[in-house]
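A.B. asks: Quick note, the sequences are listed as chains A and B, same order.
If you count the first sequence from 1, you need to add 5 to reach the working numbering.
If you count the second sequence from 1, you need to add 9 to reach the working numbering.
Read the hints as simulated data drawn from the structure, not as lab findings.
Please note that the accuracy of each hint is not assured.
Unchecked claim - Quick list of in silico lysine to any residue cross-link-like pairs, SDA-like style, CA-CA up to 20 Å:
(1) B:K88 with B:E44
(2) B:K98 with B:D14
(3) A:K222 with A:V378
(4) B:K88 with B:S40
(5) B:K88 with A:D299
(6) B:K98 with B:E44
(7) B:K88 with A:A298
(8) A:K222 with A:D233
(9) B:K88 with A:D297
(10) B:K88 with B:D14
(11) B:K98 with B:G129
(12) B:K88 with A:L303
Stated by the list, open to error - Examples of chain B residues lying across from chain A (beta carbon under 10 Å, computed):
(13) L114
(14) R115
(15) A162
(16) S165
(17) M187
Backbone N, C-alpha and C fix where the C-beta goes; we use that ideal spot for every residue, glycine too.
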Amino acid sequence: MTTTQQVGDRFGEFGGRYVPEALVAALDELDAARTEAMADPDFLAELDRLHRDYTGRPSPLTEVPRFAAHAGGPRIFLKREDLNHTGSHKINNVLGQALLAVRMGKRRVIAETGAGQHGVATATAAALMGLECTVYMGQVDTERQALNVARMRLLGAEVVAVPTGSATLKDAINEAMRDWVTHVGHTHYLLGTVTGPHPFPTMVRDFHAVIGQEARKQLDDVVGGLPDAVCACVGGGSNAIGIFHAFRDEPSVALWGFEAGGDGIETGRHAARFSGGEPGVLHGASTYVLQDADGQTLETHSVSAGLDYPSIGPEHAFLHDSGLAHYAPVTDREAMDAFSLLCRTEGIIPAIESAHALAGALRIGPELGEGSVVLINLSGRGDKDVDTAARWFGLVDDEGQAHVDGETGPGGDQGGGA
Amino acid sequence: MSVLDDLFTGCREEGRSALVGYLPAGYPDLSTSLEAIRTLADAGADVIEVGVPYTDPLMDGPVVERAASTALRSGFRLKDVFTVVAAAKDAGAVPVVMTYWNPVLRYGVDRFAQDLADAGGAGLITPDLIPDEAGAWRAAAEERGLAPVFLVAPSSTDVRLRSTTQACRGFVYVASTMGVTGVREAVGSDAEHLVERTRAVTDLPLCVGLGVSTGDQAAQVAGFADGVIVGSALVRALGGPDGLGALRHLTEELAAGVRRA
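Excised from the complex, chain A in its bound form (with noise of 0.2 Å):
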């Protein structure tokens, strides 16, 4: 049986191109070509080369008992996208995408990013590649991760900074497609998310696929079969689909996928999709979007960057219509928690974003009771949240110092370590 109901260029109702006509010619072009690459031996031997010796794929499984005596019973395993070069599960992605654009011919990619991961990424690939590599960031964002806006400009890319709109994520994205309907002729918008007009929704996914394969692999190597649940974090949802899609044929796995939650449903201040969302239309592509009663996009609120968005990878709405898989809103506190619980169980300090997962396997562990086998989409690490952890936990000071043990005010030069 296959649950994939993907007909064309939707899943179920959703899906689909809402695009200007003018880059219609350029998503027929990329569709062959991903179609024809995705069957060229030369090219996968390629994307499999990169993976090995340059990302260190396949990304270990770690089982986590200290973390998991906190769960109420469950085994917990980590697939471990936080070890892979520039920092989480985005350069799978990026790195196919690239290749295809050297492929297409095109001298030029761009991208949005959010947390800044996949924006690193691909600013990793262009420098790789020899591609000249625009990345457009919100400017609310810029603030909040300048580490890893420091890290695309070392690498070579510019950084736009986009005040429009609501600054984050999703002003990026409108940022981009800009981009792309000027220079469409010799750029690559290198989507970084399962959005967006077909076939970025299916292409990204099946970049993505390799995560799922190698942990359902790794896992029947240490337990003998399958996981009772898999957790992954959805903002866009690619890390979530990546390791959802070798399992969504089998009616034993519950696929988990969590979203943002931020000050609580309750508040307004959230980017769960799933929990005040509508269908409709953003950024090409028919799925949930946060709006209102006149379909204008709502502002979203979220500790983490990655997950500040109002919508949704299409699939993922297919998904959660059909039953397929299940989604819930965590709180910023929720994943702040686990947050600090993994970096003092197990000494892996997460993604903000991955953090949602964590927190979400905290809360279904229980009901999952003794014996079962969890495993968590670990998509990032969190060398890019430390500030923001920092000071979530008041280790630091407004001005980013450190206060230090034994001394009664903030640090002086021997703090700064945030």
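Start from chain A and add chain B according to the hints.
C.D. replies: Okay, now just chain B, sitting in the frame of chain A:
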């Protein structure tokens, strides 16, 4: 014959192109917007494109994008677009609405079509809805005699030029350059070439947009197109210190331009 057909036939008989002027509804606020629409009609716009302000206008450059934000901050609600459409019609112009797709979807495609027809609107231009995705809208439009107007672009293949123009009624929006809305120094030679390619597959009137801001440019485009679309330049005039006066002055210059070709 629809009102758009009549209009373009009339222009053809007069040996001139039509002037199509764009303004966002509710910019800078609803009452000024109504005044601006009347000014635009009175100063010579034949067709008025009433824009729906939207939070994520990814086909628009900074001028229109900022105007949309201003209108939304001033309290624009989607139903206000029908008030503006009615005002354009009362002022003697042919109103069409230009909107991104999500607001229509949220309002309800049939309900939007009905309210647009009731307000006197002649059609709908959809910058992010291609005919491939427009089944429900095309049916709703047909039922009420509204014109679906889709865009063609320099990157459109001949096959797509044919299928897209077949789905259009009233006129075809020829997006003359690759890029977003905004004033440009020169209207590219791409525009004339695209008009030629489009003429080869349709008898519908062809209106050229993206970049026109002066009477001279309007005259140049009128030399090969049935209609000249002006947006950002009008929005910029309305947003300047002399607001309605500058809008009138520019519209008169453009109206003279389309008669000069």
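A.B. asks: Now tell me, hint by hint, if it's right for this structure.
C.D. replies: We went through each hint and held it up to the structure:
1. Restraint check: the Cα-Cα separation between B:K88 and B:E44 comes to about 18 Å, which is no more than 20 Å; the hinted pair holds.
2. Taken as a hint, the B:K98 and B:D14 pair is honoured in the structure, with Cα atoms around 16 Å apart against an allowance of 20 Å.
3. Proximity of A:K222 to A:V378 is assessed by CA-CA distance (about 14 Å); at most 20 Å being required, the pair is judged to hold.
4. The hinted pair formed by B:K88 and B:S40 meets the criterion: a straight-line CA distance of about 14 Å does not exceed 20 Å.
5. Of the supplied pair hints, the one linking B:K88 and A:D299 holds, its CA atoms being roughly 9 Å apart against a limit of 20 Å.
6. For the given pair, B:K98 sits about 13 Å from B:E44 by alpha-carbon distance, which is consistent with the 20 Å threshold.
7. Between B:K88 and A:A298 the alpha-carbon distance is near 11 Å, which keeps this suggested pair within the 20 Å criterion.
8. Taking the CA atoms of A:K222 and A:D233, the gap is about 15 Å. The hint holds against a cut of 20 Å.
9. Distance hint between B:K88 and A:D297 is fulfilled; the C-alpha atoms sit about 14 Å from each other, no more than 20 Å.
10. For a cut-off of 20 Å, the pair hint linking B:K88 to B:D14 is broken: about 27 Å separates their Cα positions.
11. At most 20 Å may separate the alpha-carbon atoms for a hinted pair to count; B:K98 and B:G129 meet this at roughly 6 Å.
12. The suggested pairing of B:K88 with A:L303 holds, with an alpha-carbon distance near 18 Å, which does not exceed 20 Å.
13. A cut of 10 Å between beta carbons decides the hint on B:L114: the least distance to chain A is about 6 Å, and the hint holds.
14. Given the 10 Å rule on beta carbons, the hint for B:R115 holds: about 3 Å separates it from the nearest Cβ of chain A.
15. Among the interface hints, the one on B:A162 holds; its C-beta lies about 4 Å from the nearest C-beta in chain A, closer than the 10 Å criterion.
16. Contact between B:S165 and chain A, as hinted, is supported at the beta carbon level, the nearest pair being about 6 Å apart and thus within 10 Å.
17. A hinted interface residue such as B:M187 counts as satisfied when its beta carbon comes closer than 10 Å to some beta carbon of chain A; here the least separation is about 6 Å, so the hint holds.
Taken one by one, the earlier hints fail for this structure only at number 10.
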